[in-house]
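Undergrad: Based on these hints, arrange chain H on the given structure of chain U.
Line order of the protein sequences matches chains U and H. Heads up: the first sequence runs through residues 1 to 470, numbered per the numbering used here. Heads up: the second sequence runs through residues 1 to 375, numbered per the numbering used here.
Mixed in with the good hints there might be a few duds.
[To be verified] Quick list of in silico lysine-lysine cross-link-like pairs, DSSO-like style, CA-CA up to 30 angstroms:
(1) U:Lys73 to H:Lys88
(2) H:Lys243 to U:Lys417
(3) U:Lys389 to U:Lys72
(4) H:Lys319 to H:Lys62
(5) H:Lys88 to U:Lys72
(6) U:Lys417 to U:Lys376
(7) U:Lys325 to U:Lys389
(8) H:Lys319 to U:Lys404
(9) H:Lys297 to U:Lys417
(10) U:Lys73 to U:Lys389
(11) U:Lys325 to U:Lys404
(12) U:Lys404 to U:Lys340
(13) U:Lys376 to U:Lys351
(14) U:Lys376 to U:Lys325
(15) U:Lys340 to U:Lys298
These are computed hints drawn from the structure, not numbers from a lab.
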Amino acid sequence: MKIKILFSFVLFLALIGACEPKTEEFIGNKGDADFSRYIALGNSLTSGYADGALYKSAQSMSYPAILAQQFKKVGGGDFIQPIVENEDGLFDGKLVLGYSMDCRGESSLSPIDADGNPVGYPAAIQPIGYTVNNLGVPGAKVTHLIFSGYGNPLGLQQDPPTANPYFVRMASNTGASVLAEAMKQNPTFFTLWIGNNDVLGYATSGGENNTSNESITPEATFSYAYELLINTLTSNGAKGALANIPDITAIPFFNTIPAMGLLLDENAANALNDAYHQAEMLIQSMGLPNFSYGFHFKAGYNAFVIEDRNFPYPVPAALRVRQAKPNELILLTTPQDSIKCAGMGSFNIEKQHPYGIPQQFVLDEEEIANIQNAVKAYNNIIHQLATQKNLAFVDVANLLERAKSGISYDGLIFDTKYITGGVFSLDGIHLTPQGAAIVANYFIEAINKQYHANIPKAEITQYPGITYPD
Amino acid sequence: MKKISLIVILAIMNCSGLFAGGYQVRLQGARQSGMGLTGTSLISGASDIFYNPGSLSFLSNKFEFTAGGNLVFSSVEFRSLESDYIAKTDNPASTPFFFYGAGKISNNWAAGLGIYTPYGSKAQWPEDWSGRYLIQNIALSSIYFQPTLSYQITDNLSLGAGLVWVIGSVDLQKALPYNEHSYVQLNGSATAFGFNIGVLFKPTQTIHIGVDYRSKIEISLEDGDAEFHLPSSITSIIPTNNKFSSSLPLPANLDFGISWQVSQRLLLSLEMNWVMWNCYDTLTFTFAQSGELLNNKNPRLYNNTVIPRAGLEYQIQSKLKIRTGIYYDDSPANDDYFSPETVTLNTLGFTFGLTYHPIENLNIDLSFVQLMGME
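Next up, chain H with everything else stripped away, as it sits in the complex:
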């Protein structure tokens, strides 16, 4: 049997939402999203490529494809601690998406490919806002390609591993203090490798334990284009066309999950995600020409975060399952340094979801995430 799922994710946000934890997006599957974004110890099909490749060999269908996209409208508000100044972003919608395809090769082996965008951020600030010399607008994006293999060692133990190849890009504009219209536009892209490995263990029929590790990936931009828009009187000092290099780390995640099939109808899932944000230490730009004038280092000193999550799934009747979950995502940002490129807000998330199976061969999944920004 093939399973094809098409997921339309509409994330309508009026503040920060999915990027709460720095610039990471974790909405990768409908079931997981309903259950507090837990997934490491669940067997959910093709989207396990992201949550835990170790679960993939337990795939119940011969082939399975799932794809989806999010439409995220986010807005960030900046409030100064020392003044009544407020600025609000006018962000374009961002469109994180995913595609997962997996198939059983043999009884013990499964293979799959995931294409997904777990990290991204867009921010567009008003033209005259106070932080325009730090950032006017920015778009960070990354596309992950992850071919994956999973092997079931015993009836209750399975391993999986995926090679991750990433295309990352940055497009950034900030004002320069030479006259009202001076600014610099930076853009560049680069590729990098990483991996995603996981294990799923079933100590009993009803208890599943999952561990997954997604490696840190450092996107090193070399030879990015820097275009300076300057008054002509300063172009003898600063060239208008320049090259820059920079580096953006996409942090490692260590996820540990445990789930318990309490009864025929009830499944509980608990999870902890360690996100190693401390790799985001400084955002540095190094220029090929006039470096002594232009190079800059922006301290970020992000902190590692631990995200606790809990979710449950309940089978009301044969055609209807409902799900709910909760999680708390601490902002990794350091209070001493402003990072206008991403939303940094502690969030409490409540999730709800259901699957309705009205007729054979059709599932309707609904998920709902409610986020609350916390001080």
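One chain only, chain U, in its complex shape:
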């Protein structure tokens, strides 16, 4: 049988010539604003302070530095920062993630002091000798920015100090204010994010009756100083962006140790109930026959015992305790070893008396309300002035609110949790570089909207978050 075979040779060439995707190119545009001389004013958040210290790499990724980098793409000028030539910190050393051993001999991954040599006195307050665009001063409150002498080294020795060592380093003369340093450079654009410390100092020292005499800046004072700042900054026609104050009680510093964090087993719970029964009998013997703490400890999670500054009876201080309410906040700085091994938050076995978490580590309901009310009042002032002066309004309060339930960028989910949340650095208050990029993008959104600009956003994932050790 003869089989015919038909060969078919096919050369199939799919050559794609004009196949460059015709996607639209991003065209940057400065709109009605001029970024040639950009000045950033603010506090530690603006300075690039992170992980409990001001150090080089975190400064170089501060939100104003990221902003300036993006401004540069639409005609922005150079942005000089008072960089600390040290990765270990200025004054204080920074925190890193590492292993530490607790009082029970258990080792765990937690923030620890980095080994290193932070720049100390007197080198740390040596004036840097050049003009800077980033005038963020760690610790600054709104009134500090207008205070002449905030950079006077003699003020450091006053009690309380009238100067700020970070600004002493930056000030061009002893009589300079932060605002004057800004105006000297005749800015065309400014950002101002100030006011956090006007409540934060109070909050991080535990609110009322705190040991560091920190109080909340009264609304009228805030308003006066803030308005003066804005009037001066805009006096030469500069445009700018004002950021408001987030609800600081939502940051990890106040939300990592839960009020209901006292974990007990059956035996420990019974022992605590007995111990407080003894304490009650002692108070009853002081002429209060019907006294009861009303505690009932059980196996599982219980509310911590805290010092009660409103305890109604004149008994010895150690006995004036109550249990924390679920919505009350325990500070990140509360000594963990005292909780784990000395009975802080439950009962001091050694000295046989109640051991409430000291007030300086607790924000109670009233203190939280004081903070939130002040922030609300400040934010009204900031918003009003932004509207009045046609300045971009950066709603950082809204950003933090959204972050509570998680915001996703490029496959990463950011939230307000300590360490794993990615926004806040190891001090639980200041931003990671990724957090700074998120904030910078929020500024850019507001500036683009207000000034009809098209400033490119920063790529958040190009900045580091928290690094875990090997």
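TA: Leaving out everything else, chain H in the frame of chain U:
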């Protein structure tokens, strides 16, 4: 008579090309490729196993084999809408291939086997690119095995059906945010069944109508391997060796085609392909251990697409046929969600082809596809 065709397909692409419509590749035969990738109403031989099994019983040769491979170089560029950031993939060449063999069993019956790779995608992004936490690189592949039977009911009506058995696999790597070198490597494969049925109807001598339906096939990966590369400080929370499950849908296609032999020399072919991309709703990864930390859902919300195609074939002289065609392939991707695993670009395709028959028993086929990416 036997017909053996060997097809060398060289698809050289500098942007997106054949994967324009999500991750589907439709280049399965030289003639169809020249005619705008129409084929549902054509009688083209063994490759009808893919385009329309209903046409297979009209096979003109006793046996016919056709095989081919594509060498696809594709590159994807990512441009952010909100910034000047640009990243470009450096993709390895992918090699979709096909083999079709068919034979007449009787006057009315034909049988065949198709082995082909209609879905696949490869993407390899730069190591430091912004989307590395979504994807660093990915290779999706599927091999279809389709035994097929076709029966000619009357002179002008024929049915065909094929059982499709698929081996699908995924190999994916993405960065993790624990330190600069953290990443996870996922790979797994699975098999699934589907079908391909078609009908060819000739209402007149010169008009052919074809309808073909290729079912959706869900590749369900169970027990895939997940290898985590992590700093040691986090391995107590996330195990380094884990298992994952995921599912990748290969969408159903409904094709409707009509062709008209206008004259002895001229054949026109019109076609619509409905691709049911809406099955690609979310890409979900579920892990066996530490699921609460690792499980993730990536919304895709692809849209169904309709691809219009037109093609013609013209016999210039007894030894030469030329072909041309055009089609428009809408991207199924949802604008609100970035899917870095595939190219998602609207494309306009122009196709050209010819068959030269210089001597008995030899055909030389040339095809050419020109794609234009559209915004």
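Undergrad: Each hint should be assessed against the structure and marked as holding or not.
TA: How the hints compare with the structure:
no.: 1; hint: U:Lys73 to H:Lys88; in the structure: holds (21 angstroms)
no.: 2; hint: H:Lys243 to U:Lys417; in the structure: holds (27 angstroms)
no.: 3; hint: U:Lys389 to U:Lys72; in the structure: holds (25 angstroms)
no.: 4; hint: H:Lys319 to H:Lys62; in the structure: holds (22 angstroms)
no.: 5; hint: H:Lys88 to U:Lys72; in the structure: holds (24 angstroms)
no.: 6; hint: U:Lys417 to U:Lys376; in the structure: holds (23 angstroms)
no.: 7; hint: U:Lys325 to U:Lys389; in the structure: violated (43 angstroms)
no.: 8; hint: H:Lys319 to U:Lys404; in the structure: violated (73 angstroms)
no.: 9; hint: H:Lys297 to U:Lys417; in the structure: holds (21 angstroms)
no.: 10; hint: U:Lys73 to U:Lys389; in the structure: holds (26 angstroms)
no.: 11; hint: U:Lys325 to U:Lys404; in the structure: holds (21 angstroms)
no.: 12; hint: U:Lys404 to U:Lys340; in the structure: holds (29 angstroms)
no.: 13; hint: U:Lys376 to U:Lys351; in the structure: violated (44 angstroms)
no.: 14; hint: U:Lys376 to U:Lys325; in the structure: holds (23 angstroms)
no.: 15; hint: U:Lys340 to U:Lys298; in the structure: holds (17 angstroms)
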